[in-house]
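With these hints in hand, go ahead and build the complete structure from the sequences.
There are 2 protein chains.
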Amino acid sequence: MSANPESDGFRDFPGPDVPRASRRLSPSSVEGRLLRRLLSRVGDPPVEFVLWNGEHLGPIAGAAVVTIRVKDRGTLFTLLRDPPVQFGDAYSAGRVEIEGDLVQFMHLVYHAAARAERHRSVAHRMTDWLRRPRRNTLAGSRDNIHRHYDIGNEFYALWLGETMAYTCAYYPTHEATLEQAQIAKMDHVCRKLRLKPGESVVEAGCGWGTLALHMASRYGVRVRAFNISREQVAFARARAKQQGLDGQVEFVEDDYRNISGRYDVFVSVGMLEHVGLENYAELGCIVRRSLTARGRGLIHSIGRNRPSPLHPWIERRIFPGAYAPSLSEMMQIFEPCDLSVLDVENIRLHYALTLRHWLQRYHAAEERVRRMFDETFVRMWRLYLAGSIAAFETGTLQLFQVLFTTQENNDIPLTRQHLYSA
Amino acid sequence: MSANPESDGFRDFPGPDVPRASRRLSPSSVEGRLLRRLLSRVGDPPVEFVLWNGEHLGPIAGAAVVTIRVKDRGTLFTLLRDPPVQFGDAYSAGRVEIEGDLVQFMHLVYHAAARAERHRSVAHRMTDWLRRPRRNTLAGSRDNIHRHYDIGNEFYALWLGETMAYTCAYYPTHEATLEQAQIAKMDHVCRKLRLKPGESVVEAGCGWGTLALHMASRYGVRVRAFNISREQVAFARARAKQQGLDGQVEFVEDDYRNISGRYDVFVSVGMLEHVGLENYAELGCIVRRSLTARGRGLIHSIGRNRPSPLHPWIERRIFPGAYAPSLSEMMQIFEPCDLSVLDVENIRLHYALTLRHWLQRYHAAEERVRRMFDETFVRMWRLYLAGSIAAFETGTLQLFQVLFTTQENNDIPLTRQHLYSA
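Sequences listed follow chains S and P, in order.
Be aware that the first sequence starts at 1, since it is given in our numbering, and climbs by one per residue.
Be aware that the second sequence starts at 423, since it is given in our numbering, and climbs by one per residue.
Since the hints were made in silico from the structure, they are not lab data.
No experiment lies behind these values; they were computed from the predicted model shown.
Quick reminder that beta carbons are idealized off the backbone N, C-alpha and C, glycines included.
A portion of the hints provided could be inaccurate.
[Claimed, not checked] Covered by chain P, per the in silico footprint, the following chain S stretches (three or more residues, Cβ under 8 Å):
no.	region
1	298 to 311
2	320 to 332
3	385 to 399
4	406 to 420
Here you go:
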């Protein structure tokens, strides 16, 4: 994937100014052996370590692409205990620094993890099980969502851009801006759903209301949009009023499990990650009972090529309770209720482009983020965004848009040509 | 789905000439009670029965849409024993006649079956298990395929048309002819795969070689195409020679499990139905090991909205060992081997159009089929084609095209626009 013109060259450190390490670490020393064990556990990425005392150790074979500076002995021991989680925490706390491109470093980490994955022990698989995401009960979901989405609309506004859309955009070309791509994403979704004026739409998990307002203003539909994030709903309602759409779009501060009524269309963009596998069958029933006989629906979600838990640091520090399903897992929504899948599109590289735009803006706004929160928060979110770019670019994560309808609906376009006409 | 201009009006009987039944059957008679039980077991379709003695019995509520004539008491008893299988056999043997449109009758049957499905007992689910398709071992597959595909190329040529493509076509418009739609299907598949001149393609299950020759002649690729049907391979080789493509396309009379080598592209159109669920993971491994790092693949198969056995009469009389998977089942091919699904398109209504064209041509050729085989064969295949139209039109069956690539391949077009440019 070629880098986007807006977004290349983000570096954690401006390399040349940092003093180079001086002394080669003996591989037989305590630290040397610890580092070798750490590298082997994470799949031997081509990195060099530089320790607190200036000693350094390179990869077993080949040249190092990125340098990792470890600030003290305690951090080294901590990293060994649980590398994926402890690295994230140590980076956030500034006890580990990456010299070189942070996204490139995360690429190395994901590639190495894929190699290590092929040689995993039963003990590791047990760890996966222990790390299964926390359950999303009604109260649990509210808490999980509050912890991510209610940290301040102003913070998100710094880097999401004016659309305030916090989901994968759709780039008609590599040159599209973030705003163009977010609008193109909404139109792509609306075309897939073949929205017609006067139709009714229910949206599950509506963020700051961007898609709901877009559907209402551009496609003339009536929308009921559900969200359990108080801050987002307040923001969305203010926007609706400001745009004169409050008669056409209703924002409901409630859980998707409490959706009632029948609608022509069900849509959910970026909520499934928070639903939890154990609730997919119930979600399918809710979708089915909410649709008219000719109803259509679309679910847009981060996914996986095969079932695996979310990165444990991300699940712990960024998205509590989140899970990215494989397609077979997503089918647990549709199959039990005789919903018929019409179209699945995987647009993972679009999420990498979106995240590159976000990271660039985030980087430019870091000073303001530091004033809102603290240095640890700034670094934590930087790592999350950079790591996510790498996850989508290495194919560790996917982005699926699944279009579906009721089993009995034959009012289906013969081809998908209508999505691609001007 | 509106009927295709080429294909409407096919009737088993020219209704007006058939004498009407005269006497209403008493619902409390033995036959009356048997018929009520039969109707209730199959979901109470709106049909009227006319018995051998002229007595007739209509549906519990509403008017009958189709009339079923039962020739003798023995047939009535047989039907009750196992309606889905016995109806097919009785129709084939001429012991049951359908007065009215056969496709419409099969619509009623499938709609009623869907209703009955919602109230199924454990005993019925046990029957499903007993009816699971026979296993597709290497020898078993050869036998299963022989029984369907080796019954004579001349027979198939009567109704498949000049392309000799025995899989779902792709209709750019409802007005396309069968030939146009079969060519459009091949181009749609080739565009999805982004074939480039000089690339190598392996095809699993190549029928009479239509797609292999099309890819070679129109897209300049080299093709190795596997098939275990001796008659089909002989036909395909003769065609390749005739078209001067025998240096570019190699037809191999062997099982897909014996594919060796590496290719840029894997393609399989209409073979998965014969692979058997128990072999999906192995198929995935074969696909993965056959692809280069940037390899792509496409599997086109009849499917289901949820896991269910094939219609038992079809599995027994027409397609031994066949199974139509749900998408979650198809994912058993891709997920264990880290293949990445890029695009799923459900084109079930295209199969209904294709089958309507086939049935119309079959109908016109019935006299010749009768000379090749016998009356039972003629009726059996008529029922199979008519029933398949109804299965796709009622959403009982789906048709999935799944495009995929290796997890690490980032050479993916941003959009699907290229499929829809002229």
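We went through each hint and held it up to the structure:
no.	hint	result
1	298 to 311	holds (count 3)
2	320 to 332	holds (count 5)
3	385 to 399	holds (count 4)
4	406 to 420	holds (count 11)
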